[in-house]
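Trainee: Protein chains in written order, with my numbering: chain A, 28 to 376; chain B, 12 to 310.
Please keep in mind that the hints were generated in silico from the structure rather than gathered at the bench. These figures come from a predicted structure and were not determined experimentally. Check the hints yourself; a few may be wrong.
Ranges of calculated distance between the beta carbons of each label pair, as one might list FRET restraints [as the list claims (entries may be wrong)]:
1) A/161 with B/51: 35 to 41 Å
2) A/364 with B/147: 37 to 43 Å
3) A/56 with B/58: 27 to 33 Å
4) B/86 with A/121: 29 to 35 Å
5) B/59 with A/339: 55 to 61 Å
C-beta atoms are modelled at their ideal positions from N, C-alpha and C, and glycine is treated no differently.
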Amino acid sequence: MFRLILGTTSLALLLGGTAMADTVRVANYGGSFGDAMNKICLEPFNNSGSGHTAEQVVTDNMLAQLKIQQDTKNVVWDIAPGAEGEAYITAKTNGWLETFDWAALDPDGKLPAVAKPDHGIASSAYSSTLGIRTDKLPQGKEMKSWADFWNVAEFPGPRSLRNSPVENLEFALMADGVPAKEVYGVLRSEGGVDRAFKKLGEIKPSIVQWWTSAQQPVQGLASGELSFATSFNGRIANLKKDNVPVKIMWDGASLNTSPITIPAGAPNKEGALAFIKFCYLDPARMVELSRATGTGSLLPEVVKQFSAEEQADMPTAEQNLAVQLVIDPQFWYENRAKIQKRWEEWMLQ
Amino acid sequence: MSTGPASVSGGARWRSWRIVSMRSEGSSAWLLAPAALLLAVCFVAPILVVFRWSFFADGPTLEFYREIFGSTLYRTILARTLVFSLVAAVLSVVIGYPAAYFLATRPVRTRMNWLAVVLLPLWVSSLIRTYSWLILLGREGPANMALMALGLTDQPIQFLYGRGIVYAAMVQVLLPMAVTIMYAGMLSIEQTFIKAARILGASPAYAFRKVFLPLSASGITNALVICFVLSLGFFITPNLLGGPREAMISNMIDRAVNESLEWNLAAALGVVLLLVGIAVAGILAFAIRLLTSPGRMPR
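Sequences and hints are given; from them, build the entire structure.
Mentor: Rendered as C-alpha cells:
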C-alpha cells in the first residue's frame, strides 16, 4: 500500500508539471542507461530544430504506470520504456498502446521483422546471462553450460538467480538436457513445468540470493559475495570494465527484446514518432547506444561496426545469437499467473 | 498516526491545566483544520479508494479476501510480517530504553550533543544504511576478514540473506526513532518524584521500578507501536538482505501491484495489513499499560 501511495504521489507530481504541447516525454528506467539516452538521443534531438523538445521521465515500473495512466485517462508519457517479457503482450492486449505504422516509419525496410512488432519498436536486444567469476572456478575448469551451473560438486561457490519463474524454468530445463530450441515445447507439454521445478529443487539449497533488482547480483559478483549469478549482459559487461574477473556465459542465455512503445492517447504522438525516428532508426546513434549500454542492436549493419572483441560480449552478435534461447513472451503471458503462484509457494518450502 | 513525540503525555499533568484545556477545545478546533485537510486529501481518500478496490471487481466481491485467507502462502507471510515487526519493535525498545534514559538524565547543556549523536544515522538514507550491511558483512567484507584473521573461523560466515541480518538492519533503522520517542517521554518525568521515593526509603532499583518505569510507560508504548507499524511496511530491508524466507507482506504487495497487476488483491492485502496492524498495535498498547501499571501508587 505504501508503494501505491508513493506511486500516486509521484504521479501527482508528474501531473503538476506543465505539459507543453511540443514536449515529448520519454520514460525510461534511469541510471546509467538514462544518462546514455540523454547524451546520445535527447540532447541532440533537442538541438536538431525539429520543433519538439524531448524530456526524460524516470520510472521504475513500466506496466503499473502504464495501467494507471490508462485507467485515469491521464496519459503523461509519449514514449514508454522497454516492455520486458510478457509485459508488452499484456499492454498490447489491454489496448494500452498505439499501433506503429511501419510502412511509413521504415519505408526502405532497414529493420529486420523481429524489430518491428505491431505496437512498438524493438531495435535492440539484451540477454539474461550467467556471470561467472573466473577466479572462483576450480583450477583449470570452465563453466560452459547450465548443467555445469547445476553441478555444485564440481563447481562449488555461492550462486544467485532471479526471484522469478521467468527464465529460471527455461534454464532448469536446459540444465536437465533439453536443447534451447525445444524448451518451450517441453514447458507447454504435460509435466514440463513439473520437470523444471523438480530440477530447480536440486539447485535451490545452493542459491544464497534470489535477486529482485538486477543490480543485486552484479554487486554480489563485484564484492565476491557471489561466484556465479544471473543478470543482464550489459551489467555484467560493465563489471568487466571495472576489472572484475568476470565472464559472460552465452550458451543458453535468454535473449529478450523489449519494445519501446507509445501509450494509447499519448499527448504528443507526432513528437514521439519524430523522436523514435531520430533515435532508434539512426544507425550511428544505435552504435553509440549499444556501446554505452551493452544492449545489442538488431540491425545487422550496426553490429558490423563493432570489433570482434566487442562482439564477443554482444547479445546480437552472430555467434552469440546461435547458442541462445529466445524467450517466448506468449508462453509467459498465458501461464505467468499460475506459475507465479506455484513459484511463491515453492519459495516458502 | 496520531501518536508522535509531540503528543507523548508526561507524568506531571496538572488537573487545573486539564480543565482549562478542555474548556477551550471547542473554540480552538480550527487549529486542526490544516492538518486534517491534508490528511483527508492525501491519506484518507486514497485509503478509501484502496478499500473500495479490495471489495469491488466487476461487482461487490469477497474473492480477494478469500484468496488471501485461503492460501497458505499469504497466511504464512502475513504471520511472518507480524512476528518480524513485533520482534524488531521489541528489540528496538529494549535496546533503546537505556540510551533514552541516559539522554534524559544528562544536564541540559550536553543533552543536545548526545541527541545529535542519536539522530545522526537519520541523515543517511535507509537504502544506503541497508547497502552498508552488504559490504560490512559480505563473505569478503571487513567482518569476515577480521574473523578469519583472528582465526575464529576458517570459512567465511554466511551472514547475508538470512533472518539475523534482517533483524539487525531493521533495528538499526528503528533505533533512533525508538530512542527519541522514549527520551521525549522521559523528559517530562519530574526527577523530584524519584528523589521523593528515595527519601521515603526506596532503593534506587525500587524507585525506578515503581516510579520512573510506570511514568515512562506511555513513551514505551508510543515507541513500540510506532516501531511496529513502521516495520509492517518494511520493504527494502527484507528485499536486499533477506532471502525468500524473509519476504514480507509489502514485498508481496509490490509484486501484485507492479508485476502481476492484481491491484484488487494488492488492495485487499493492504487492508488486511492495516487492520491487523491497528489491532496488534492496540493490544500492544493495552498490554504495556497493564504490565507497567504502578499498582497502588496514585497516578
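Trainee: Look at each hint and say if it fits the structure.
Mentor: Status of each hint after checking the structure:
1. A/161 with B/51: 35 to 41 Å: 59 Å, violated
2. A/364 with B/147: 37 to 43 Å: 39 Å Cβ-Cβ, so the 37 to 43 Å window holds.
3. A/56 with B/58: 27 to 33 Å: 29 Å, holds
4. B/86 with A/121: 29 to 35 Å: Once the Cβ atoms are compared, 31 Å apart, the range 29 to 35 Å for residue 121 of chain A and residue 86 of chain B holds.
5. B/59 with A/339: 55 to 61 Å: With Cβ atoms ~56 Å apart, the hint holds.
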